[in-house]
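Student: I would like the entire structure built from these sequences, with the hints used as guidance.
Chains as they are written, first to last, in this note's numbering: chain D, 394 to 493; chain C, 3 to 105; chain F, 178 to 463.
These aren't lab readings, by the way, just hints derived from the structure by calculation.
Misleading hints may appear alongside valid ones.
Claimed, not checked - Here are some chain F residues the structure puts well away from chain D; computed CB gaps all over 12 Å: (1) Asp219; (2) Gln249; (3) Lys265; (4) Thr277; (5) Val289; (6) Arg299; (7) Asn311; (8) Ala316; (9) Tyr365; (10) Phe366; (11) Arg370; (12) Ala378; (13) Ala412; (14) Val450.
Said to hold, decoys possible - Derived contacts from chain D toward chain F, CB cut-off under 10 Å, selection only: (15) Glu432; (16) Ser448; (17) Glu483.
Cβ coordinates follow ideal geometry from the N, Cα and C atoms, glycine included.
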Amino acid sequence: MRRMALVASLLVAAAMPARAASEADFKAAYAIAEAAEKEAGSLRNQWVTTEATLSAARKAAEKGDFDGAIASAKEAEALARASIFQATSEKERWKDAEIR
Amino acid sequence: MASTIRVRAIANGDTTEVQTLIQHPMDSGFVKDAQGQVIPARFIQQVTFEHKGKSVFVADWGPAVAKDPYVKFAFKGAAKGDELKIGWVDNKGASDSTTAKIQ
Amino acid sequence: MRVVVAFLSALVTAALAAGVIAQGAPASDAPDPAADARAFRDYFVKKFPKSKLEDFVNGPYSMNEDMRRQWQGKEEFPPYEFALEAGKEMFTKPFKNGKTYADCFENGGVGVRQNFPYFDARQGEVVTLELALNRCRSANGEEPLSYVKDDMASLTAYMAFTSRGKPFDIKMPDDPRARAAYENGKRYFYTRRGQLNFSCASCHVQSPGERLRAEILAPALGILNAMPIYRSEWAGMGTISRRFVTCNSQTRAIPEEPQSEDYRDLEYFLSYVSNGLPISGPGARP
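Tutor: In structure tokens form, the structure reads like this:
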């Protein structure tokens, strides 16, 4: 009976992901995303979607879903970087659209 | 208190054209406020236009009609100087009415 | 600095005259708002040869006959009438200290809307009508109004109404700071923003008269002349500030604060290039 329980628990442990994401991992990913969003803010070019994704990351972390939270944080970082790219490239590109 | 009903009725031969702008929130009852509370339904259920005691235009409205409704219609059989009576009643029992002279 | 700008400007003019700079070459670094305004107007006149110049201020109604007919029918009993009446009442009611808005404006604030925005040389910034109204309130001990809510819309509706028909008369003083503000507004107008990557120009220069979902897009020429507007979509009045903020969020860009420097400069640019077109506000839009 105890052997069954031991086998069962070993099987369960084997079925879990190699290493579950920890809160520390989330905090690191979130900090990176937040820093990118702040940089976008200094360029006055933040996106609504980035803020929404950061918020989703926080909510997932609150629920203990750190895998989901990190995924959202990484997505938010990508969105923030895209908005930074937009701001930097538009600095010159806007002139192409100008009516002359 | 000023009437909630603005009306302009112009006779053109036998046909009178009527335009009305009614000030009313026409809350559908589906919208929530900033605190997440439903804004209760408050909308006009019936608008009536009467000429010489006879209804020339009656509308049954519901929550699909937008805020500050505007109505435009034409009817026959009235003349310049005649009176047109307009009234509305909403789902809360509130009402307003006014009379206008056909120009 | 001014000498450099003047020199560059002269150089460019000489080069243009010599035909050295070909058509379509990158714009010179010296801002020439007057030339901009001419080019801006020519672009829209050429794109819509059947439209009368003054008609551009009617936005989508100048682009679509069916919409125009419906709008003309409603204009006899316009939906902004309530806001207009409220605005007149607000404008004439004295502050707690006994003064009124009329004391803050030229000609008592009647028939002056077409002069806004203007460049304030003392403060070195663009002053819009909405900003001037709130500054008037603060100067007289009153709380400022929200730039995006009904009260400010009612006030600007009344002031616009007293200027109906008067052509936009935005001044461009011989001041590099004014030209810089104008340039910043122009830059903002053409810069793509938000996740949807639209600039103001994407809709209002590239696609006026075309549909964006169920709406017909207005041309940028004369686009502020009808402000503030009663929008059926909002079931209420909206100020210029409200429109800038909502346009930003619609492209999924986080809006700036109402009456931010960028927004005031944008209003300066858009108003200046519409000089000569009549004020048609307050307006009604779908």
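Student: Verify this label for me: lysine 265 of chain F is non-interface relative to chain D, using a Cβ-Cβ cutoff of 12 Å.
Tutor: Per Cβ check, lysine 265 of chain F is outside 12 Å of chain D; nearest 37 Å; holds.
Student: Using Cβ atoms and 12 Å as the threshold, tell me whether alanine 412 of chain F really stays out of contact range of chain D.
Tutor: Answer for alanine 412 of chain F: holds, closest chain D Cβ roughly 23 Å.
Student: Against chain D, does valine 289 of chain F hold up as non-interface, every C-beta pair farther apart than 12 Å?
Tutor: 29 Å, holds
Student: Going by Cβ atoms, does glutamine 249 of chain F stay more than 12 Å from chain D at every point?
Tutor: Consistent with the label, glutamine 249 of chain F stays out of reach of chain D, its closest Cβ about 30 Å off (over 12 Å).
Student: Minimum Cβ separation between alanine 316 of chain F and chain D greater than 12 Å?
Tutor: Alanine 316 of chain F clear of chain D: closest Cβ-Cβ about 29 Å, beyond 12 Å.
Student: Mind verifying the non-interface call on threonine 277 of chain F? Its CB should be farther than 12 Å from each CB in chain D.
Tutor: 37 Å, holds
Student: Against chain D, does tyrosine 365 of chain F hold up as non-interface, every C-beta pair farther apart than 12 Å?
Tutor: 9 Å, violated
Student: Against chain D, does alanine 378 of chain F hold up as non-interface, every C-beta pair farther apart than 12 Å?
Tutor: 5 Å, violated
Student: For the hint on serine 448 of chain D, does the least C-beta distance to chain F fall short of 10 Å?
Tutor: At about 13 Å, which exceeds the 10 Å cut-off, the nearest Cβ of chain F leaves the hint on serine 448 of chain D violated.
Student: Test the statement that arginine 370 of chain F is away from the interface with chain D: the closest C-beta pair must be farther apart than 12 Å.
Tutor: The claim is violated: arginine 370 of chain F sits with its nearest Cβ about 6 Å from chain D, within 12 Å.
Student: Hey, is asparagine 311 of chain F genuinely clear of chain D, shortest beta carbon separation above 12 Å?
Tutor: The assertion about asparagine 311 of chain F holds, with a minimum of 22 Å to chain D.
Student: Taking the least C-beta to C-beta distance, is glutamate 483 of chain D closer than 10 Å to chain F?
Tutor: Holds - the Cβ of glutamate 483 of chain D comes within 10 Å of chain F, reaching about 5 Å at its closest.
Checked against the numbered hints above, the structure violates hints 1, 9, 10, 11, 12, 14, 15 and 16; every other hint is satisfied.
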